[in-house]
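Engineer: Here the protein sequences line up with chains A and B, keeping their order. Residue 1 is where the first sequence starts when you use this note's numbering, and the numbers rise one by one after that. Residue 1 is where the second sequence starts when you use this note's numbering, and the numbers rise one by one after that.
Any given hint could turn out to be false.
To be verified - Calculated lysine to aspartate or glutamate pairs in the EDC-like style (CA-CA distance at most 20 Å, straight line):
id : chain 1 : residue 1 : chain 2 : residue 2
1  : A       : Lys193    : A       : Glu292
2  : B       : Lys170    : A       : Glu187
3  : B       : Lys170    : A       : Asp271
4  : A       : Lys193    : B       : Asp214
5  : B       : Lys170    : A       : Asp49
Derived from the structure by calculation, the hints contain no laboratory data.
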Amino acid sequence: MSAVASCRAASWLEASARARVAGLLDQGSFVEFLGPEQRAMSPHLRQFDLPRAFDDGVVVGRGLLGGVRVFVAAQEGRFMGGTFGEVSGAKIVGLLRAARDRAAPSPPDAVLLLLDTGGVRLQEANAGELAVSEIIRAIAELRHAGLPVIALVGGRAGAFGGGGIIAACCTALVISQHGRTSVSGPEVIETNKGVEEFDSKDRALVWRITGGRTRILSGAADRYVRDEIAAFRDAAIALAGLTPPPFACETLRAAQTRLVARRERNGACRDATELWAGDGIDEPDQVPDLTEDAFIALLSARSAQHDRR
Amino acid sequence: MTGADPSQARTRTQARDALLDALFPGGHALMVDAAGAVSGHATTAGGIAVGLVGIADGMPVGIDAALSMAETVLAHVERGGDTPLLVLVDTASQVMARRDELLGLNDYLAHLCQCLALASFRGHRTIGILHGAAAAGAFIATALSTDRLVAVPGAAPSVMDLPSIARVTKLPLDRLERMAASTPIFAPGLDPLAATGAVHERWTDPARYAASLDAMLAADMPVRDGLMQDGLVRDGRDALGEERGGRRQARAVAGRVIADATARG
Numbered sequence: 001m002s003a004v005a006s007c008r009a010a011s012w013l014e015a016s017a018r019a020r021v022a023g024l025l026d027q028g029s030f031v032e033f034l035g036p037e038q039r040a041m042s043p044h045l046r047q048f049d050l051p052r053a054f055d056d057g058v059v060v061g062r063g064l065l066g067g068v069r070v071f072v073a074a075q076e077g078r079f080m081g082g083t084f085g086e087v088s089g090a091k092i093v094g095l096l097r098a099a100r101d102r103a104a105p106s107p108p109d110a111v112l113l114l115l116d117t118g119g120v121r122l123q124e125a126n127a128g129e130l131a132v133s134e135i136i137r138a139i140a141e142l143r144h145a146g147l148p149v150i151a152l153v154g155g156r157a158g159a160f161g162g163g164g165i166i167a168a169c170c171t172a173l174v175i176s177q178h179g180r181t182s183v184s185g186p187e188v189i190e191t192n193k194g195v196e197e198f199d200s201k202d203r204a205l206v207w208r209i210t211g212g213r214t215r216i217l218s219g220a221a222d223r224y225v226r227d228e229i230a231a232f233r234d235a236a237i238a239l240a241g242l243t244p245p246p247f248a249c250e251t252l253r254a255a256q257t258r259l260v261a262r263r264e265r266n267g268a269c270r271d272a273t274e275l276w277a278g279d280g281i282d283e284p285d286q287v288p289d290l291t292e293d294a295f296i297a298l299l300s301a302r303s304a305q306h307d308r309r
Numbered sequence: 001m002t003g004a005d006p007s008q009a010r011t012r013t014q015a016r017d018a019l020l021d022a023l024f025p026g027g028h029a030l031m032v033d034a035a036g037a038v039s040g041h042a043t044t045a046g047g048i049a050v051g052l053v054g055i056a057d058g059m060p061v062g063i064d065a066a067l068s069m070a071e072t073v074l075a076h077v078e079r080g081g082d083t084p085l086l087v088l089v090d091t092a093s094q095v096m097a098r099r100d101e102l103l104g105l106n107d108y109l110a111h112l113c114q115c116l117a118l119a120s121f122r123g124h125r126t127i128g129i130l131h132g133a134a135a136a137g138a139f140i141a142t143a144l145s146t147d148r149l150v151a152v153p154g155a156a157p158s159v160m161d162l163p164s165i166a167r168v169t170k171l172p173l174d175r176l177e178r179m180a181a182s183t184p185i186f187a188p189g190l191d192p193l194a195a196t197g198a199v200h201e202r203w204t205d206p207a208r209y210a211a212s213l214d215a216m217l218a219a220d221m222p223v224r225d226g227l228m229q230d231g232l233v234r235d236g237r238d239a240l241g242e243e244r245g246g247r248r249q250a251r252a253v254a255g256r257v258i259a260d261a262t263a264r265g
């Protein structure tokens with residue numbers, strides 16, 4: 001097996017941000033912007049006696065995806081939980097603005113966000129919060145310009161807090177079984193509202209509320225893929241070739257209608273199994289335990305139902 | 001949750017009415033729904049009609065408030081024209097509940113962010129008036145999704161309170177409190193957040209609110225070269241944070257990425 005082939009068969013969950021980028025893009029096509037040799041590091045972590053990273057946990061650059069020019073940003077979930085800090089956040093902001101301004105000699109036709117984040121980095125919370133807001137604004141500008149912005153979520157840190165909101169701002173979301181999206185993390189809900197509201201130690205419950213299978217079945221994600229870099233690549237290639245709906249009243253009105261319908265349909269549910277039972281899925285209790293083959297078969301037997309955009 | 005104590009609720013309503021009277025001597029009409037979402041309209045001292053949206057009474061933003069606010073914003077944009085939109089913010093954090101997360105609260109908050117962006121792109125200047133608390137995702141989806149954010153007395157923005165930061169970072173609270181006094185980068189409150197560029201203007205004298213609002217509406221919000229015809233308001237918050245010294249690196253780092261993309265893209 002060649003190095004690239006083994007890279008693509010590899011687990012997305014287990015891979016580093018750099019390995020994901022290398023395996024996702026066409027072989028050897030990645031060019032990094034503001035790479036680790038530039039030493040753009042957090043100016044804040046030292047006062048907390050925390051180690052810094054030469055890239056502050058974010059990789060940004062350009063490359064080809066199935067021959068299409070793309071800009072890509074990838075968070076390293078194993079460094080500070082992939083959090084948005086002043087530098088890590090600004091790297092993503094800069095990438096999105098460069099795509100928006102079509103500053104590069106060969107401007108991208110799509111942008112990929114490989115989110116793997118617990119949200120804002122609390123040691124630099126204010127800078128992180130602002131970066132999240134700036135990223136959301138820049139994504140809206142890219143959508144206004146008609147560019148696909150694709151979120152890929154399948155890392156250990158998921159896409160929480162501002163990362164969850166950013167994932168939902170993109171024109172499409174690709175998720176795996178291990179991917180989780182949410183605003184408040186289960187620990188935060190448990191701390192604030194009590195263990196009866198959300199038992200964060202109950203891992204099965206956490207996945208039923210926030211996990212990839214729940215998100216694809218409720219229409220909150222566009223593609224469900226196996227935990228393989230190659231599967232994420234195939235989905236990203238397919239989505240990068242689609243023209244996203246215009247960033248216009250009609251599109252957001254349709255989103256409003258779908259989000260209202262989702263609340264009407266599922267608003268009384270307390271657990272995903274209730275949601276799936278109401279959706280007519282046989283043996284909803286079994287959904288989390290289905291093999292990937294069986295779950296993907298269940299998905300393909302249902303009509304396309306993503307209700308987000 | 002607030003509103004349980006009737007006298008506190010009355011005080012809150014009186015304070016909001018006083019704020020609206022000061023901002024809109026030309027008149028105002030405002031409704032607050034069960035989720036705390038605000039809708040209405042008003043006229044400035046200079047006679048400019050504006051739409052009102054927002055979140056009131058310190059209510060946290062969940063699915064219901066987000067949908068309600070998004071509906072108000074969308075209806076405003078659908079009516080056409082370029083009537084500005086004022087976003088009144090007195091909230092908390094987002095609703096923390098299993099039900100809201102199961103439904104995909106991130107989708108609902110993102111939708112609200114995007115409706116406000118659309119309003120701006122369609123020529124409706126969006127101005128946030130922060131007159132209470134706002135934290136985390138609720139802060140992002142309301143006050144921080146406007147073109148310009150104004151803080152008036154009562155404004156208490158934060159990302160997360162220090163005890164929660166202490167819990168998550170496993171740092172002793174007293175140490176965090178000491179550090180918060182000398183560095184704005186993670187400390188809750190208006191001063192540190194304004195220093196990072198989150199807040200454009202701070203208005204402190206109610207007698208001058210009406211004139212300040214008309215001045216802000218009259219001023220051209222800087223529009224990026226080349227996109228003037230799209231009416232996009234430039235997001236200059238990182239430059240503001242650099243100028244104010246509360247976020248010294250963000251603008252430069254974004255600029256270095258853009259320069260690299262331009263040279264090697």
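Engineer: It remains to establish, for every hint, whether it holds in the given structure.
Structural biologist: Status of each hint after checking the structure:
About 34 Å separates the Cα atoms of Lys193(A) and Glu292(A), which puts this hinted pair outside 20 Å; it is violated. Note on Lys170(B) and Glu187(A): the hinted pairing holds, with a Cα-Cα distance of about 14 Å set against a maximum of 20 Å. Annotation: proposed proximity of Lys170(B) to Asp271(A) is violated, straight-line Cα distance about 31 Å (limit 20 Å). For the given pair, Lys193(A) sits about 43 Å from Asp214(B) by alpha-carbon distance, which is inconsistent with the 20 Å threshold.
Among the hinted pairs, Lys170(B) with Asp49(A) is consistent with the structure: their alpha-carbon atoms are about 12 Å apart, no more than 20 Å.
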